[in-house]
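Fit chains Z, V and S to the known structure of chain L by using the hints.
Number of protein chains: 4
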Amino acid sequence: MKDIAISIDKRGVQIQRVGIKDLHVPLQIKERQGGFQHVLGNVSLSVELPHRYRGTHLSRLVETVFQWRDKPLSGREVRQILNQVGKKLDAEQAHMTVKFKYFVPKAAPVSHSESALDYDCEFTGAIGGDGFDFILGVEVPVTTLCPCSREISEYGAHNQRSIIRVRMRCARDAWMWIEDLVSELERLGSSEVYPMLKRRDEKYVTEKAYLNPKFVEDVLRDVILFLRSDKRVLWYEAECENFESIHNHSAYAYQCESRQDCEQS
Amino acid sequence: MKDIAISIDKRGVQIQRVGIKDLHVPLQIKERQGGFQHVLGNVSLSVELPHRYRGTHLSRLVETVFQWRDKPLSGREVRQILNQVGKKLDAEQAHMTVKFKYFVPKAAPVSHSESALDYDCEFTGAIGGDGFDFILGVEVPVTTLCPCSREISEYGAHNQRSIIRVRMRCARDAWMWIEDLVSELERLGSSEVYPMLKRRDEKYVTEKAYLNPKFVEDVLRDVILFLRSDKRVLWYEAECENFESIHNHSAYAYQCESRQDCEQS
Amino acid sequence: MKDIAISIDKRGVQIQRVGIKDLHVPLQIKERQGGFQHVLGNVSLSVELPHRYRGTHLSRLVETVFQWRDKPLSGREVRQILNQVGKKLDAEQAHMTVKFKYFVPKAAPVSHSESALDYDCEFTGAIGGDGFDFILGVEVPVTTLCPCSREISEYGAHNQRSIIRVRMRCARDAWMWIEDLVSELERLGSSEVYPMLKRRDEKYVTEKAYLNPKFVEDVLRDVILFLRSDKRVLWYEAECENFESIHNHSAYAYQCESRQDCEQS
Amino acid sequence: MKDIAISIDKRGVQIQRVGIKDLHVPLQIKERQGGFQHVLGNVSLSVELPHRYRGTHLSRLVETVFQWRDKPLSGREVRQILNQVGKKLDAEQAHMTVKFKYFVPKAAPVSHSESALDYDCEFTGAIGGDGFDFILGVEVPVTTLCPCSREISEYGAHNQRSIIRVRMRCARDAWMWIEDLVSELERLGSSEVYPMLKRRDEKYVTEKAYLNPKFVEDVLRDVILFLRSDKRVLWYEAECENFESIHNHSAYAYQCESRQDCEQS
Chain L
51 MKDIAISIDK
61 RGVQIQRVGI
71 KDLHVPLQIK
81 ERQGGFQHVL
91 GNVSLSVELP
101 HRYRGTHLSR
111 LVETVFQWRD
121 KPLSGREVRQ
131 ILNQVGKKLD
141 AEQAHMTVKF
151 KYFVPKAAPV
161 SHSESALDYD
171 CEFTGAIGGD
181 GFDFILGVEV
191 PVTTLCPCSR
201 EISEYGAHNQ
211 RSIIRVRMRC
221 ARDAWMWIED
231 LVSELERLGS
241 SEVYPMLKRR
251 DEKYVTEKAY
261 LNPKFVEDVL
271 RDVILFLRSD
281 KRVLWYEAEC
291 ENFESIHNHS
301 AYAYQCESRQ
311 DCEQS
Chain Z
51 MKDIAISIDK
61 RGVQIQRVGI
71 KDLHVPLQIK
81 ERQGGFQHVL
91 GNVSLSVELP
101 HRYRGTHLSR
111 LVETVFQWRD
121 KPLSGREVRQ
131 ILNQVGKKLD
141 AEQAHMTVKF
151 KYFVPKAAPV
161 SHSESALDYD
171 CEFTGAIGGD
181 GFDFILGVEV
191 PVTTLCPCSR
201 EISEYGAHNQ
211 RSIIRVRMRC
221 ARDAWMWIED
231 LVSELERLGS
241 SEVYPMLKRR
251 DEKYVTEKAY
261 LNPKFVEDVL
271 RDVILFLRSD
281 KRVLWYEAEC
291 ENFESIHNHS
301 AYAYQCESRQ
311 DCEQS
Chain V
51 MKDIAISIDK
61 RGVQIQRVGI
71 KDLHVPLQIK
81 ERQGGFQHVL
91 GNVSLSVELP
101 HRYRGTHLSR
111 LVETVFQWRD
121 KPLSGREVRQ
131 ILNQVGKKLD
141 AEQAHMTVKF
151 KYFVPKAAPV
161 SHSESALDYD
171 CEFTGAIGGD
181 GFDFILGVEV
191 PVTTLCPCSR
201 EISEYGAHNQ
211 RSIIRVRMRC
221 ARDAWMWIED
231 LVSELERLGS
241 SEVYPMLKRR
251 DEKYVTEKAY
261 LNPKFVEDVL
271 RDVILFLRSD
281 KRVLWYEAEC
291 ENFESIHNHS
301 AYAYQCESRQ
311 DCEQS
Chain S
51 MKDIAISIDK
61 RGVQIQRVGI
71 KDLHVPLQIK
81 ERQGGFQHVL
91 GNVSLSVELP
101 HRYRGTHLSR
111 LVETVFQWRD
121 KPLSGREVRQ
131 ILNQVGKKLD
141 AEQAHMTVKF
151 KYFVPKAAPV
161 SHSESALDYD
171 CEFTGAIGGD
181 GFDFILGVEV
191 PVTTLCPCSR
201 EISEYGAHNQ
211 RSIIRVRMRC
221 ARDAWMWIED
231 LVSELERLGS
241 SEVYPMLKRR
251 DEKYVTEKAY
261 LNPKFVEDVL
271 RDVILFLRSD
281 KRVLWYEAEC
291 ENFESIHNHS
301 AYAYQCESRQ
311 DCEQS
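Respectively, the protein sequence lines represent chains L, Z, V and S.
Just so you know, the numbering used here puts 209 at position 159 of the first sequence, and the rest follows in order with no gaps.
Just so you know, the numbering used here puts 277 at position 227 of the second sequence, and the rest follows in order with no gaps.
Just so you know, the numbering used here puts 217 at position 167 of the third sequence, and the rest follows in order with no gaps.
Just so you know, the numbering used here puts 203 at position 153 of the fourth sequence, and the rest follows in order with no gaps.
Chain L on its own, in the form it takes in the complex (with noise of 0.2 Å):
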């Protein structure tokens, strides 16, 4: 049966990624205490193209993805799925994105009651020229209290759901945890969120918040700080939206640095 895909191509154009996109498949992830948490993937997995061939066969990409189906994956396994992808399908460059759910438990303040809270988080991997690369993004939600309507009103201060989302690249042999990260995250806010809280859990927050009003400027602020100050980060893009309770859109603020744009601030 004839192979169109390794025909030769004569355009000249070498591309930089093909692959899938969006396949879903169930994964195990690795966890910070030694186990492994069962996640839903969504997969976009892709080779670079060198300019003589027409096409890459996509069957294999998919085949290696259900490979690894059974067995946790971290960063580690990430740089393992596409050194094999590299190798079967004769390219220089790979480049894999896994997004999940993660869950990680959680206790009310106060009741102690436990239930578990998800983020949402993506592993980004590639190899080539520079050897492997690999980002962790996460999105933590928090509430946010807003210090200009505090101090205006008289009682009161409108506040909200607010998702902080962090895209880190970290030194080389270095990594940090989900759980780690997002627990970190999670204090920047003016309080945290949880999936279960009773009444007396509810008092704490309430007033945990009205006492530590933020804006989502001074979210980031805090953002950028913890990221500024842990030497692992070498590069990070960071966000912070606030869905504003008194309006239908959002506040927002953005950051984007590498290591030596820190050191120099």
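You can take every hint at face value.
Identical chains blur together in the list; that is why a pair holds if it fits in one copy or across any two.
Straight-line C-alpha distance at most 20 Å; calculated PhoX-like pairs for lysine-lysine: (1) 248 to 258; (2) 156 to 80; (3) 156 to 248; (4) 248 to 137; (5) 52 to 253.
Since the hints were made in silico from the structure, they are not lab data.
For chains Z, V and S alone, coordinates are given in the frame of chain L:
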């Protein structure tokens, strides 16, 4: 050229709706004031298919929608469109949904600064054995402030953006303008939301919400009472959803009633 | 600490559903083979609120959902959850929806390469005056190839990915496994879709679709005939949507019937 | 009334972007022909925040957007808006994104029936140290037909809707109209897509696609060659995504290049 669609089908199965879905088209919606508003329409339009035909001519549905591109729509025109496609396609039943964002001018409560708020709206029309049926749907953002949080806390109270969703059928020959429906509904939260608020407006809405705490249940009960009291309303489905500022999920309340249910309550 | 929720409400309005929505939680779903599958669940859970109470204790709903985190769910367990929250919250009616992606092993048609395909599924359960009600929902991707395009063209025929959506209620004490329902439905397109296809598989599915051209109307009629013929099915709602390769909108067909309608047809 | 936003911040952290996100507003977009088109705009607008201030006055950003509601926008007006908010808020850098669906008239290829196709578009503008920067983004739906499937199959070939996404920066003082960009790109699939096709049109597009089979790699290569050849293009990011008719995931190809990369290729 052979027309497969009109070939005879022997399975003996009549289909209730065959048509097009998610067709985007620029439309005009009639405003209460007499003018019209340009909107981005998302249209689904279908007809019944008698058991003897294999298929419908979907291009005629698209053609009809584009003919209405430059004429302001209200319920009356939805009926005309349905009659038109019913005739064209020899169908006794036809069904249409038009979704669009609709803007209503909104002045800030103290500074009276002018802007316009967007509401997701939906016209659903049908013709068939029972004549013409029309359902108006709206989604209205409001602020809700939690009575429990306020009661048990020394200061502050958690609050959030909420959405009141209503779909309702009016009595024959009765009509409710989007402007009227959303202005009634948005008074039923703890406070209204606005696109633009100056500091003195922000003080006003913060204090208003604090003085007017409402559970999701409270909002929905007031929505129910409003809809029961308006004799034009023959049937409705209403929902309030709070995007909780202290959780990563929503609180919600839902009701569906006909006029008969209303009278008996 | 005062409990506002249980304070007396004087509006005299009973609410059909009050609860939580879009709570994400890791769940397990019972498989036909006897085991279970880890899934990412999206849960909505609500109870009726009698007119005399102002509010419900939503934290108890969250608590209940998390108690079921480690026990495989099927319709029976949905019923137990509903009975449990009904008792806890003194409600005669309760309602639950669980949405999740479910994977079923799928071998390529010629090479027999193994992978697994994802199906969006939904369990909807309710308890109340009429006992226990359960609805199973599935979304099944298939390929459809246009009979008209094939007939009128010298070569080729446009085809596309389509989704068959079914929600159905079984007779009391009857049960249909997700595995059984999706395997029946996916035979009803022009061809099935697969996560992984080798070249010889691709030849097979291409030719199969070409030899088996089906309008969206054809697919839905076959879905209807299948659902009418299965005596366990008391009621259903079925839709087929084609993401047309030659348009930027969809073609679709829809039907909703009860057993009585089926018998009369 | 105290203004917390202008209070002094001591953390010493300058923020790159602080602003509003997902504000919906009716806008007008300048058409190539000289007129303008009413669109539904989704606007994000932000300014840099110097380290000494605690916050920005977000209401002024909203106010500015609404002032432009009745004036047709192109790149030039985006620049004016950015200069305006920069002055108002004493910021040297400002950033804006406007997303909207834009319609371009489209006649069927044989019957010449008139309709209009919708394209998702995006204007991104920024002012700062390097002057004014502007990026135009478009998403163009096309049909792609698989060369491998065609080659190995006795009859037929799988095909599907695909999206070509391009974001590109033009040289200073150069400009590319949305109409020009999408009309170039939509010629690069196996066939174009249309809102309305009569049977003789359907025969034409079916046969055209069959005679013009293209992998996702082929489409992207032709997009790359087009963008390299247009000397106005200083930088671009291009992607083609095929919503595969035989899979439940996409195939895709991606490239990002500057003029310098183009020249060296």
